[in-house]
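S.K.: Sequence:
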Amino acid sequence: MKRHKKKRWIVAICIVLFLVVSLIGTYGYCRMRFPLKYEVFVQEYAQEYQLDPYLVLAVIWAESSFRPEIHSRVGAMGLMQIMPSTGEWIAGKLGIEDFEAEMLLEPQTNIRIGCWYLHYLEQQFGKNEVKILAGYNAGPNNVKKWQQEWGEEYLPEAKDIPYPETEEYVKRVCNAKAIYKWLYQLD
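Under this note's numbering, the letters of the sequence shown match residues 1 to 187, in that order.
The set of hints was computed from the structure by calculation and includes no laboratory data.
As the structure is a prediction and not an experimental result, all values here were calculated from the model.
Be careful, since some hints might not be right.
Computed Cβ-Cβ distance ranges for the label pairs, DEER-style [as the list claims (entries may be wrong)]:
(1) GLY95 / GLN50: 15 to 21 Å
(2) LYS7 / VAL40: 33 to 39 Å
(3) ILE13 / PRO162: 51 to 57 Å
(4) HIS71 / GLN147: 28 to 34 Å
(5) GLN185 / HIS71: 29 to 35 Å
(6) MET32 / TYR154: 35 to 41 Å
(7) ARG73 / GLN50: 28 to 34 Å
(8) GLU48 / ILE15: 46 to 52 Å
(9) LEU94 / GLY126: 20 to 26 Å
(10) LEU36 / HIS71: 20 to 26 Å
(11) ASP160 / LEU186: 48 to 54 Å
(12) PRO35 / HIS4: 46 to 52 Å
(13) LYS159 / GLY95: 25 to 31 Å
(14) TRP182 / GLU102: 20 to 26 Å
Heads up, the beta-carbon is just placed ideally off N, CA and C, and yes, glycines get one too.
My request is simple: use the sequences and hints to build the entire structure.
M.R.: And the structure:
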């Protein structure tokens, strides 16, 4: 009887140890998969433009996986995948003189311009992250067109987006934002 109890205790301890190691491993894997890079710039510009820093991190993760040198097939550049024409327009608004597209490969400049753009979209669409992110991915004019066709309250959820790529993008960013909130404590 005592031998049987001892075996149960050993099995229970092994299960607990397995669960603890699995949890620690999962947490470590998540931190590796969802890194915290360029935190100083993210915090600075998220605060300046009254954005959720977790949203900014999630956009960077979804757009470039934190690779500042990346170019998309359509020409978007840098961490937040800004199109050169959009970058030039925003640089003018920000008073950045002698703007050149290559500046979008600089993390600080890219995050500053990307945060300004997210704030601009927030001013157009309120605090509705689905509309903001859909505007970031598909362009604000498409979101406005959808609203005109289906009403101002259209797009309460990602599943309502008529472009499958944009729907998937919004879901990815929202999921990444939740993971960043779970993984990191930002001020």
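S.K.: Decide, hint by hint, whether the structure agrees.
M.R.: Hints, verified against the model:
1. GLY95 / GLN50: 15 to 21 Å: 19 Å, holds
2. LYS7 / VAL40: 33 to 39 Å: 54 Å, violated
3. ILE13 / PRO162: 51 to 57 Å: 54 Å, holds
4. HIS71 / GLN147: 28 to 34 Å: 31 Å Cβ-Cβ, so the 28 to 34 Å window holds.
5. GLN185 / HIS71: 29 to 35 Å: Holds: the Cβ-Cβ distance is about 33 Å, inside 29 to 35 Å.
6. MET32 / TYR154: 35 to 41 Å: 38 Å, holds
7. ARG73 / GLN50: 28 to 34 Å: 33 Å, holds
8. GLU48 / ILE15: 46 to 52 Å: 49 Å, holds
9. LEU94 / GLY126: 20 to 26 Å: Cβ of LEU94 to Cβ of GLY126: about 23 Å, so the range 20 to 26 Å holds.
10. LEU36 / HIS71: 20 to 26 Å: Holds, since LEU36 and HIS71 (Cβ atoms, about 24 Å apart) stay within the stated range.
11. ASP160 / LEU186: 48 to 54 Å: At roughly 30 Å between Cβ atoms, LEU186 and ASP160 fall outside 48 to 54 Å, so the hint is violated.
12. PRO35 / HIS4: 46 to 52 Å: Distance hint for PRO35, HIS4 holds at roughly 48 Å.
13. LYS159 / GLY95: 25 to 31 Å: 40 Å, violated
14. TRP182 / GLU102: 20 to 26 Å: Violated, at about 36 Å.
Hints 2, 11, 13, 14 from the list above are not met by this structure, while the remaining hints are.
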